[in-house]
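I would like the entire structure built from these sequences, with the hints used as guidance.
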Amino acid sequence: MTFVRPGALCVALAAAFPAAAFAASDADLKQLRQQLHELRDAYQQRIEALERRLAETEQRAASAATAAAAAGSTATTAVQSVAKVEARAAEAQAAADSVARRPAAESAFNPSISLIIDSKFTRFQRDPGAYRIDGFIPSGGEVGPPRKGFSLGESELAFSANVDHLFRANARFALAEDDGAGVVEVEEVNVETLGLSSGLKVKAGRFLSGVGYLNQQHPHEWDFADAPLAYKAFFGYRLQNDGVQLRWVAPTDLFLELGTEVASGQKFPGAERNRNGAGLWTAFAHLGGDIGSGAAWQVGLSHVRTNPRERGFEDGADATGTALAHSFSGRSQTWIADFVYKWAPNGNSSVTNLKVQGEYFQRRETGDLNYDIGGLAEASSAARFRQSGSYLQAVYQFMPRWRVGVRGDWLDSGTANFGSLDPAGLPLLAGYNASRQSAMVDWSPSEFSRLRLQLARDKSRRDESDNQIWLQYIMSLGAHGAHKF
Amino acid sequence: MFSKLMLRLAAALLAVLALPATAALNVFATVPEWAALAKEIGGDRVQAFAATNALQDPHRIEAKPSLIAKARGSQLVVATGADLEIGWLPVVLREAGNAAIQPGQPGYFEAASAVRLIEVPTRLDRADGDVHPAGNPHIQTDPRNLLKVAEALAGRMARVDPAGASIYEANLARFRERWQANLARWTRAAAPLRGVPVWVQHRSFAYMADWLGLKELGALEPKPGVEPGSAHLASLLARQKETPARMILRTAYARPTASEWLGERAGIPVVVLPFTVGGNPAAGDLTALFDDTVQRLLGGLR
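For the record, the sequence lines run as chains S and X. Residue 276 is where the first sequence starts when you use our numbering, and the numbers rise one by one after that. Residue 146 is where the second sequence starts when you use our numbering, and the numbers rise one by one after that.
Source of the hints: derived by calculation from the structure; they are not laboratory data. Here the structure is a predicted model, which is why all the values come from computation and not from measurement. Yeah, the Cβ is synthetic: ideal placement off N, Cα and C, and Gly gets one too. A portion of the hints provided could be inaccurate.
[Stated by the list, open to error] Far from chain S, some chain X residues (derived; all Cβ distances over 12 angstroms):
| hint | residue |
| --- | --- |
| 1 | 217 |
| 2 | 239 |
| 3 | 311 |
| 4 | 312 |
| 5 | 329 |
| 6 | 331 |
| 7 | 332 |
| 8 | 333 |
| 9 | 389 |
| 10 | 447 |
[To be verified] 30 angstroms max Cα-Cα, derived DSBU-like pairs, lysine-lysine:
| hint | chain 1 | residue 1 | chain 2 | residue 2 |
| --- | --- | --- | --- | --- |
| 11 | X | 386 | X | 368 |
| 12 | S | 759 | X | 360 |
| 13 | X | 293 | X | 360 |
| 14 | X | 386 | X | 360 |
| 15 | X | 368 | S | 630 |
| 16 | S | 630 | S | 759 |
[To be verified] Ranges between beta-carbon positions, derived for each pair:
| hint | chain 1 | residue 1 | chain 2 | residue 2 | range |
| --- | --- | --- | --- | --- | --- |
| 17 | S | 552 | X | 249 | 36 to 44 angstroms |
| 18 | S | 549 | X | 249 | 18 to 26 angstroms |
| 19 | S | 441 | X | 315 | 56 to 64 angstroms |
Right, here's the structure in full:
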């Protein structure tokens with residue numbers, strides 16, 4: 276209720292009609308006064324009514340106080356009921372919380388998404404575009420270092436989610452740039468089982484093979500900016516295939532995992548093929564456990580077998596300087612022995628920890644080598660290769676966030692038997708033992724970011740050593756799944 | 146040739162290795178407190194394995210092969226939940242090839258589901274450090290939570306192993322009785338701690354502070370999971386002069402540097418709490434854990 280005082284009203288009226296007030300006659304004034312009196316009387320009545328009501332309310336309040344005093348005698352019961360009410364309130368709060376936490380939209384079922392950005396700044400002595408590993412048939416993968424200077428490496432975009440109660444799906448794409456054009460590579464798209472028991476697990480689609488140790492790790496998990504030479508020479512930096520994988524974990528306290536894969540074998544060491552059935556088979560076993568509470572280890576033995584048909588490569592040049600094209604058809608078998616050892620005081624890796632890992636590769640290839648296909652010097656002969664390679668690395672976290680690491684890489688071009696072909700025509704495959712030494716220091720302010728400095732002396736090319744400086748950052752955005760051991 | 150070799154290797158290993166434990170229920174607990182609790186409820190009927198020990202930072206564990214092997218042979222996984230084990234447990238569960246212990250199955254139990262979580266962040270941003278979207282996961286520092294978890298866990302164990310239901314129920318009743326007596330005893334003994342201001346290294350003790358009425362002035366870590374720098378510690382020292390805390394609390398696994406630095410300059414004791422079963426030689430079981438915790442806190446008052 277708006278309460279306007281009569282005096283204030285007069286002032287307001289006078290202010291509103293100043294001319295009228297001065298010009299008014301006595302009769303008019305009398306009439307105005309009477310009206311004001313009436314108005315004042317009306318307000319007076321209303322004030323009185325309000326005062327009466329206030330008195331009544333006060334009386335009621337007094338009786339309420341008496342009632343409250345009476346309630347005081349039952350205070351104990353009241354306290355108890357308050358406790359009950361509080362408990363109820365807590366329950367209600369919990370229920371409200373759970374309701375509040377419940378995602379309301381369909382987007383709650385979106386897969387977890389993670390984006391990894393990886394960028395490098397490099398300084399090389401030699402042209403990375405002319406990179407090759409002498410003594411080995413080129414693997415055709417992304418084996419060379421990135422371009423000199425600033426380079427935007429591959430950004431990985433990954434999605435994963437449980438499809439239903441039986442399946443989980445993963446997808447991982449690499450976004451890169453190749454000669455100015457954007458390129459999307461499908462790194463992994465696969466589905467794996469959730470519902471199988473007895474230690475069995477099946478994965479199908481495109482996946483990183485379970486052979487070796489480093490093969491299954493994504494580049495952002497590597498301890499160095501680039502892959503070991505052995506991986507580059509034997510698998511084109513990693514063995515990735517379209518196929519099916521079956522794994523079994525033994526029901527033992529010591530970890531034993533056996534696995535096998537059948538895959539298309541379209542990529543090195545396989546070759547493009549247009550046939551039914553599978554082109555590549557693998558089998559692997561991993562054994563692992565703990566030594567006390569501080570150390571954990573894992574060793575593995577893997578085998579990869581494929582029968583490439585007309586796997587092409589270029590080597591040497593004719594009189595006009597055109598590269599000669601050759602191909603290999605036959606059987607390719609690779610064995611890998613791997614180990615990893617991790618140690619931290621009491622197993623608490625947050626302050627200091629050590630990781631040592633190494634892998635040894637051996638490959639035997641027997642078949643036919645077709646020399647200078649379609650060229651003037653076309654020839655063919657049975658050929659045999661037996662090559663090996665290894666790397667050994669150690670990474671030590673000497674204080675929280677800071678790690679240092681060293682890595683040695685060795686390749687042995689081993690024995691090559693070209694049959695009736697003249698080895699001089701294949702200069703790339705002439706015996707050469709490539710090697711590389713790398714050292715790195717990295718700083719990880721959190722689990723989601725890492726900055727790295729890496730120095731390397733790369734002797735992949737005959738009689739040439741390439742001193743390299745790498746600066747790299749790796750950033751992980753969004754959901755970041757747990758890493759494997 | 147290769148498959149034959151593999152078969153022989155497998156056969157030899159299976160013959161040599163110890164077969165999995167013969168208990169009726171194999172429990173895989175992510176942290177020692179849940180292994181101890183499962184043992185309280187299950188007695189001899191369960192074989193409880195703790196994946197980590199009290200000297201390990203539960204946020205930084207790796208999916209070790211030994212853990213995958215253990216998870217493979219377990220019927221029940223007891224995790225804390227609230228994303229405490231997010232960095233390793235999902236991989237262990239997926240790699241183990243054991244459908245019974247996958248999240249959503251009766252064989253997967255999260256202790257955090259039985260209690261009300263506090264410190265649920267209102268803002269989710271990695272710039273705020275290692276935040277747990279569901280709330281603070283260190284629920285075991287309040288013994289009242291342990292009773293709630295015990296009740297839920299006993300129910301779950303009975304569901305996974307119905308033949309042992311009566312045993313679990315009886316053990317739970319005994320545990321409840323003993324625990325309630327313990328709770329009364331601890332609460333009485335810890336009465337002088339009410340309202341005592343403290344610093345904490347990491348927000349590990351939020352539930353304990355809630356239980357005992359300790360007043361947490363703040364954490365030494367500028368952000369969860371971020372090591373304190375010298376500038377931050379200096380600012381804490383300045384704050385300590387204005388609003389003095391009585392002690393600094395840290396876990397057995399935490400790095401001592403920062404808390405010792407501040408404790409020395411502020412002239413207040415650094416109390417290293419066991420945090421979980423096995424955090425120090427005295428904290429051998431759940432009762433001893435809280436006996437020791439209360440005792441150490443009271444010692445910090447002197």
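*Checked against the structure, which of the hints given earlier come out wrong?*
Hints 1, 2, 12, 18, 19 not satisfied by this model.
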